[in-house]
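Model the placement of chain B on the given structure of chain A, informed by the hints.
If you read the sequences in order, they're chains A and B.
Residue numbers for the first sequence follow the numbering used here, beginning at 968 and rising by one.
Residue numbers for the second sequence follow the numbering used here, beginning at 968 and rising by one.
There could be a bad hint or two in this list.
Identical copies go unnamed one by one, so any copy, or any two together, can satisfy a pair.
Derived pair list, reagent style DSS-like, types lysine-lysine, alpha-carbon separation capped at 25 Å [to be verified]:
{"#": "1", "residue 1": "Lys1065", "residue 2": "Lys1229"}
{"#": "2", "residue 1": "Lys1065", "residue 2": "Lys1129"}
{"#": "3", "residue 1": "Lys1129", "residue 2": "Lys1185"}
{"#": "4", "residue 1": "Lys1092", "residue 2": "Lys1129"}
{"#": "5", "residue 1": "Lys1092", "residue 2": "Lys1229"}
{"#": "6", "residue 1": "Lys1229", "residue 2": "Lys1185"}
{"#": "7", "residue 1": "Lys1065", "residue 2": "Lys1093"}
{"#": "8", "residue 1": "Lys1204", "residue 2": "Lys1129"}
{"#": "9", "residue 1": "Lys1092", "residue 2": "Lys1204"}
{"#": "10", "residue 1": "Lys1065", "residue 2": "Lys1204"}
{"#": "11", "residue 1": "Lys1204", "residue 2": "Lys1229"}
Because the hints were derived from the structure by calculation, they are not lab data.
Protein chains: 2
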Amino acid sequence: MSTVDTVDVADLDAELGSLLTGSLTTDPDILATFSRDESLYSPDGTPLALVRAHSVDDVVTTMRFAHAHGIPVVPQGARSGISGGANAVDGCILLSVKSMDRILAVDEENKTVTVEPGIINLDLKKALRSYGLAYPPDPGSVAMCSIGGNIATNAGGMCCVKYGVTREYVREITVVLADGTLTRLGHRTVKGVAGLDLAGLFTGSEGTLGVIVEATLKLVPLGPDPLSALATFPSVKAAVQTVAAYMATGATPSLLEMMDAKTIGMVNALGDFGLDESVGAVLIMQSDSTTAAADTEAFAAVATDNGAHDVAFADNAQDSEMLVAARRSAQPAWEHYAQAHGGGQLLDDVCIPRSAMAEFCDRVDAISDSTGAMVAVIAHAGDGNMHPSVFFDTADGASVARAQDAFDQIMALGLELGGTITGEHGVGNLKSEWLARELDEGNRRLHRSLKDAVDPTGILNPGKMLEHL
Amino acid sequence: MSTVDTVDVADLDAELGSLLTGSLTTDPDILATFSRDESLYSPDGTPLALVRAHSVDDVVTTMRFAHAHGIPVVPQGARSGISGGANAVDGCILLSVKSMDRILAVDEENKTVTVEPGIINLDLKKALRSYGLAYPPDPGSVAMCSIGGNIATNAGGMCCVKYGVTREYVREITVVLADGTLTRLGHRTVKGVAGLDLAGLFTGSEGTLGVIVEATLKLVPLGPDPLSALATFPSVKAAVQTVAAYMATGATPSLLEMMDAKTIGMVNALGDFGLDESVGAVLIMQSDSTTAAADTEAFAAVATDNGAHDVAFADNAQDSEMLVAARRSAQPAWEHYAQAHGGGQLLDDVCIPRSAMAEFCDRVDAISDSTGAMVAVIAHAGDGNMHPSVFFDTADGASVARAQDAFDQIMALGLELGGTITGEHGVGNLKSEWLARELDEGNRRLHRSLKDAVDPTGILNPGKMLEHL
Chain A
968 MSTVDTVDVA
978 DLDAELGSLL
988 TGSLTTDPDI
998 LATFSRDESL
1008 YSPDGTPLAL
1018 VRAHSVDDVV
1028 TTMRFAHAHG
1038 IPVVPQGARS
1048 GISGGANAVD
1058 GCILLSVKSM
1068 DRILAVDEEN
1078 KTVTVEPGII
1088 NLDLKKALRS
1098 YGLAYPPDPG
1108 SVAMCSIGGN
1118 IATNAGGMCC
1128 VKYGVTREYV
1138 REITVVLADG
1148 TLTRLGHRTV
1158 KGVAGLDLAG
1168 LFTGSEGTLG
1178 VIVEATLKLV
1188 PLGPDPLSAL
1198 ATFPSVKAAV
1208 QTVAAYMATG
1218 ATPSLLEMMD
1228 AKTIGMVNAL
1238 GDFGLDESVG
1248 AVLIMQSDST
1258 TAAADTEAFA
1268 AVATDNGAHD
1278 VAFADNAQDS
1288 EMLVAARRSA
1298 QPAWEHYAQA
1308 HGGGQLLDDV
1318 CIPRSAMAEF
1328 CDRVDAISDS
1338 TGAMVAVIAH
1348 AGDGNMHPSV
1358 FFDTADGASV
1368 ARAQDAFDQI
1378 MALGLELGGT
1388 ITGEHGVGNL
1398 KSEWLARELD
1408 EGNRRLHRSL
1418 KDAVDPTGIL
1428 NPGKMLEHL
Chain B
968 MSTVDTVDVA
978 DLDAELGSLL
988 TGSLTTDPDI
998 LATFSRDESL
1008 YSPDGTPLAL
1018 VRAHSVDDVV
1028 TTMRFAHAHG
1038 IPVVPQGARS
1048 GISGGANAVD
1058 GCILLSVKSM
1068 DRILAVDEEN
1078 KTVTVEPGII
1088 NLDLKKALRS
1098 YGLAYPPDPG
1108 SVAMCSIGGN
1118 IATNAGGMCC
1128 VKYGVTREYV
1138 REITVVLADG
1148 TLTRLGHRTV
1158 KGVAGLDLAG
1168 LFTGSEGTLG
1178 VIVEATLKLV
1188 PLGPDPLSAL
1198 ATFPSVKAAV
1208 QTVAAYMATG
1218 ATPSLLEMMD
1228 AKTIGMVNAL
1238 GDFGLDESVG
1248 AVLIMQSDST
1258 TAAADTEAFA
1268 AVATDNGAHD
1278 VAFADNAQDS
1288 EMLVAARRSA
1298 QPAWEHYAQA
1308 HGGGQLLDDV
1318 CIPRSAMAEF
1328 CDRVDAISDS
1338 TGAMVAVIAH
1348 AGDGNMHPSV
1358 FFDTADGASV
1368 ARAQDAFDQI
1378 MALGLELGGT
1388 ITGEHGVGNL
1398 KSEWLARELD
1408 EGNRRLHRSL
1418 KDAVDPTGIL
1428 NPGKMLEHL
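With the rest of the complex left out, here is chain A (with noise of 0.2 Å):
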């Protein structure tokens, strides 16, 4: 680690705001409105400044700035992420590329598009459409996470089990490292293979490596509109059963979920969804392939083939919508469950072997029965990817303690049964500690040998993913 110097508000001013296109701020009540992620229950600390940078070179300016006095830097794009990883350090300066959001260029032939980090996903999609292509990458946060955020962490969402991540759409991307040097990794075409992967390994390094200001992303042709269908089944394990035996089809659903009894509960208590709460499970199923309709039905006989007490049709776009967007109010009945039940939620993202999800929703139920912690669990379940919501009464000592142990003893769980701590999510400082749990030592090893080859100085977000390696 650098020495840091001791820089006052005077010195940021003359030798950094000045030098600036955006805007250097050093007032406490603006700083602590950007100290910290949409994430709970993670620490944070006092930054020393925020910059909003408007232009790649504000953040060069800034990392040759920091660099020079070994403060620490925060990358941060919307805030948006649920791990930690974009929160205030002691001392730091708050590097926000969110004003950077434009639309640098759309190359229909090629199907890719260039923008700047800022860009907010759902932002990006609608502009896309008037050309005909689609980014498929939708986070639960499309609404409000930027794209840059999306490439730091590799940001997934429901379409990954047709679409795949983040990662798979990066073609090339620019980044300031951490001595301020601006260079491009990656490449613009479909294939490629000149050097070592570096688009790859600063995709989800969330903001460790360097500052990504500007993306080249691969776009797919904008689909039909989907088709849903909704089945409901007397058990979590005649649902995962589904999930296995229609996924050995060959088929490529665009959105395979789960919901368990208690969520469906949670959600019928927020909105008017009438879901039948008799119910073990439901698996909401979509299709946005030419084949919509039948890929409907071939998904019903399958679930009835596995025991499913009823499967419900959507046969137009805006039918369809309400049978997911029973799925897509999860988050917000659990927060409103939470909020009625002492404030607390941890919500974890355990990924793991499909074939182990009916255990693991098994086990689950053993951990919440054991700690006396509420949990509920809804997955992408085409993927494996398990998001327990965890709840407790924020007031009540022994009520945290309990769900702390039921969060820790989940992603346990997810390891002993060979999957990872983090599917999508990330690591940030909320799981830092369980990476260095999942990572044999060796490649413990090579993460610190890495970062310390790509920021000798270790100014870049301290404290979070790599912390206890």
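Here is chain B on its own, set in the frame of chain A:
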């Protein structure tokens, strides 16, 4: 770089050979046969020894020994590469993992297979058929190349237009690092963002970061037999326009290949394919979806709209394979032509934006005219991955120089058009100087830093991909 000890043959046997389950050889005749891959005109050196590893322990033992003595190690699979990446360097240990060729586990429900690195790609494909599963990546050398080598080079092939490259199938790899440390990178689950994407970093690293000793790969359900169509065009331009128009429909062909007029003539000269030699180009398209028959008709309609002379359909698997056989025979046909015209052939591998293919082909013709070197072109047209082949007389120094000039001008053209010097064949020692031209200074510095971090004594495959950065 480390200091290289002087190690005599007796020491080698005592300190290394005697510890191996596999074998250690210093016989110069055997070493000579293992000193090159399939590339032409690439430099090679004189190895110290060949280790044929039979186990992970053999690889660990070899790397520990080499690390302790500062001896370079060149990892080898099937040596089917064509960029010199597996060629010997002076005083090295050739570390062959070809005998480590077992399938360790097929996980049908999660659709993964775990293999040793030496297994031949086609043997893996055949073994998976009985499970109803497929491993899509299909380099031209599919019948002789190993999965470990495919991962080390991030191999491509003809199916990439639908299925992507090797990287998209690598879930988890076990590697032996330069000092003999064994570590597991990546994750077996569909999704996973715990830590940096080190499995991705090692994929395509061409033996410069570690030795791959095990891999867990994503599989897909075995699809129906594919159907094909072959369209003839008056010009490369018409063929390229067809590719653009067809891909814009959102089509997902499993193969979309172009051959130019020169190659068509050479293919006819090799075998009895009966291709119309008066045309300017052909496109061969294949679909392996359940709607294959409709797909070939949709392709034919687009081709006709874009000026195709004629479209031939194959309505069964056998006829379909015959159409594709013409494309598969391009490389043998080129070799046949080369042998009758001085024996020399340099195969290039430039990937460019699809939109630049017509200009690329025009300017390759101009390069051919200005240098006097004969150049024929085939392309993985759906990906913009161009394979110009430069022919020359190996006994005529002026002819060799013209060919090298043309080869270099083609790479420069690829870069000028926004492409890369290698879409799938890799850098090796054939293109390591060109890699330095493609990457900017920040990117080159990152490469150097990362290599130093992972292999601080520089023993892993020196003189290859990273040599000139």
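Honestly, which of those hints from before does the structure not fit?
Numbers 1, 2, 5, 6, 9 and 10 - these are the hints that the structure violates, sorted from lowest upward.
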